[in-house]
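2 protein chains.
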Amino acid sequence: MSNTNNPTWIHVPEDSDFPIQNIPFGIFKTAHLKPRIGTRIGDTVLDLTVLHKNDFFKAWSLDPSVFENSYLNAFISQGKSITNAIRNQIIQLFSEDAVERTLLQNLEGLTYAADEVEMLLPVQIGDYTDFYSSIEHATNVGKMFRDPNNALLPNWRHIPVGYHGRASSIVVSGTAIHRPKGQILPKDAEQPIFSQSRLMDFELEMGYIIGKTTALGSSVSVEKASEYVFGMCIFNDLTARDIQKWEYVPLGPFLGKNFGSVISPWIVTMEALETFKINGPKQEPEVLPYLQFEGAQNFDIQLEVYMQPQGAQPSRICQSNHKYLYWNIPQQLAHHTVNGCNINVGDLYASGTISGPDESSFGSLLELSWSGQKELKLQDGNTRKFIEDYDTVIMKAYAEANGIRIGFGSCNTQILPAL
Amino acid sequence: MSNTNNPTWIHVPEDSDFPIQNIPFGIFKTAHLKPRIGTRIGDTVLDLTVLHKNDFFKAWSLDPSVFENSYLNAFISQGKSITNAIRNQIIQLFSEDAVERTLLQNLEGLTYAADEVEMLLPVQIGDYTDFYSSIEHATNVGKMFRDPNNALLPNWRHIPVGYHGRASSIVVSGTAIHRPKGQILPKDAEQPIFSQSRLMDFELEMGYIIGKTTALGSSVSVEKASEYVFGMCIFNDLTARDIQKWEYVPLGPFLGKNFGSVISPWIVTMEALETFKINGPKQEPEVLPYLQFEGAQNFDIQLEVYMQPQGAQPSRICQSNHKYLYWNIPQQLAHHTVNGCNINVGDLYASGTISGPDESSFGSLLELSWSGQKELKLQDGNTRKFIEDYDTVIMKAYAEANGIRIGFGSCNTQILPAL
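Top line first, the protein sequences correspond to chains A and B. Heads up: the first sequence begins at 239 in my numbering, then just goes up one per residue. Heads up: the second sequence begins at 239 in my numbering, then just goes up one per residue.
What you were told as hints is all true, and nothing was included just to trick you.
Where chains are identical, the list cannot tell them apart; a pair therefore holds if satisfied intra-copy or between any two copies.
Here are the simulated DSBU-like cross-link-like pairs (lysine-lysine), alpha carbons at most 35 Å apart as the crow flies: (1) K462 <-> K450; (2) K462 <-> K425; (3) K425 <-> K520; (4) K483 <-> K462; (5) K272 <-> K296; (6) K425 <-> K483.
It should be emphasised that the hints constitute simulated quantities derived from the structure, not laboratory data.
Starting from the given sequences, assemble the full structure and let the hints guide the process.
Right, here's the structure in full:
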């Protein structure tokens, strides 16, 4: 049904996340090629260094190192006027009726099958901040970890609560992560023990990548925020619940999170997502003026989580949507910078777990198993409360309307035994 | 009295922080010179690119870009075997009886007066973590913000508590910072207001810079930790107490801190500080095995804070010492990496506010004014509870024994009015 408009001369399978309307950006390499920027149409990865070398981007006089690079940062730093123009140029070049078609079909090294390239971490992440912007998630966690009758803390409806996370341990989809070890306080014990985590969890999140740098002391308003966002990705904020529970008061998450977080390899531009904007939940009480916004600022992006035990088929265990977020991206950015905190190209900001109103939309095992009180049944007969060794967590995200599907591919993480 | 041993042919004023036994590393520039690595002896800054160009470091075959660089990271990445050898070479070259003396005295562009160069942020900071390792500070804060009878939280004596901070807003001494704005909850109010911070504070801390990178999944043991630490600096963890108080539950400090933090420009090597090691406080109860250590792991580094209102002389308002820290650097690093979190050259880890046992050693205005309940009297007749606009906070740190003083210079920050 999808992707029937604006056809391209590159084959796009039905229900592909990557029609010609998407044109995301990522970094890939092969056994013979250094890291470079690519885009993807259908199951075909296009090498942008080849397009650049053959003068298809000559209007912008860019240095070859912008495209032959281990990260997207130099490309993003060119600014939206250039990155959008290049994206539009790619859309035009690969359209069904493009006059350059024969020329491009004969260009050596332009195309690769998606499964013959290795996708790398797309961005050199300067700072990473994780928000906590789903009211359902914050309420669920508050019920379980704190007070069921006062689950939401007093500041939650006033502030897009967030915290700084670890940038060094953010890896790209497909990178396996070892179960972390650390201090946990067993139930009813008075002294902590050293142990591997017994309560390994995922958190279903979306991230966005900063596209424009600010100076220390300046702020980004809600109205201007969209100028500062390059694109989005899926984000798996892996969490060791037992380590987190013992450490997080009073200074927040630390070793329960910083052993590894995972992003999807293709950064989908905000321009590709523009038509999927949708209203978010009503905010009550009214927020302070610097957080007030106009128009639809959430996105109708469908989110799915699959659990795949070793050797088994993946079972879908969660269906959520970006639209459930209480706090939107312009509000998060306006809040983050209202005190003068500077932001840089390549910073990553994540949403926090995106849970929806019903149980099947909860974005973490903590919530899905209600802190381990109930078992999730998988299709293959397995059951899960938390992640077991060799399980792979698969997250998917896509927006779909009017026959066009703009997707993110997937964000896959296998958990290996503790070292 | 100080610095009478191992004289150098460069003039070193009495009580200088920079005798020939120090040889710290920093980045400087002038109106005519690009950023480059320097060291400092007395009030003289030495340009290491000139020493390199003239083959004084030829034993190590380093690329010129290691020294002509905006950051120390490439230099630190060479490893301690090289950076220590270069430091020792500098000590030898500038000794009183060095055979190279005449040659060096005639080298053009080798020396600058310290007050004619501009010191820059010395390190490109990847990740920044702030610990909370002073038991006196944690107890004082707990008494004021939480429960006076249970000031120390249950995990505090088991875990070197820490949190991730913002790297982008760390600036070098001398950079003025504007008073931040944000949400605060006025006393007895039910709704927050938007306001400039009324409770601007400093936190007296020491930072250390990581000298060796690890891979995700690996851990640094207490025994091996010293191999991973390049050197130390003074760190002023500016804090807006009113913003912090309203935002920090449950995910920790965020906008109350990330508007700006300040480090001193000279990174003093761990080798220069080695002889000042001293035992820290006894840890009770006994810590878990991965945190157990041998020998003296604190440092006898004297710390001072001065408050200087505009147009007035600085008044000393705090005298503390690094030795008061309950948790030491090897324990902090072992804890930070025990879950597999990777560390990188250039990461900054700060101690948390270093308060001592008596009131004059408290390392923040929050503690010195006991949350604004008492006024600090300054020498010039001014009084302070928190930082006022145009005040400059000056932090100093030095270790002194046997006639040798190894110092850090100072870390100065003027607070400007909110924008």
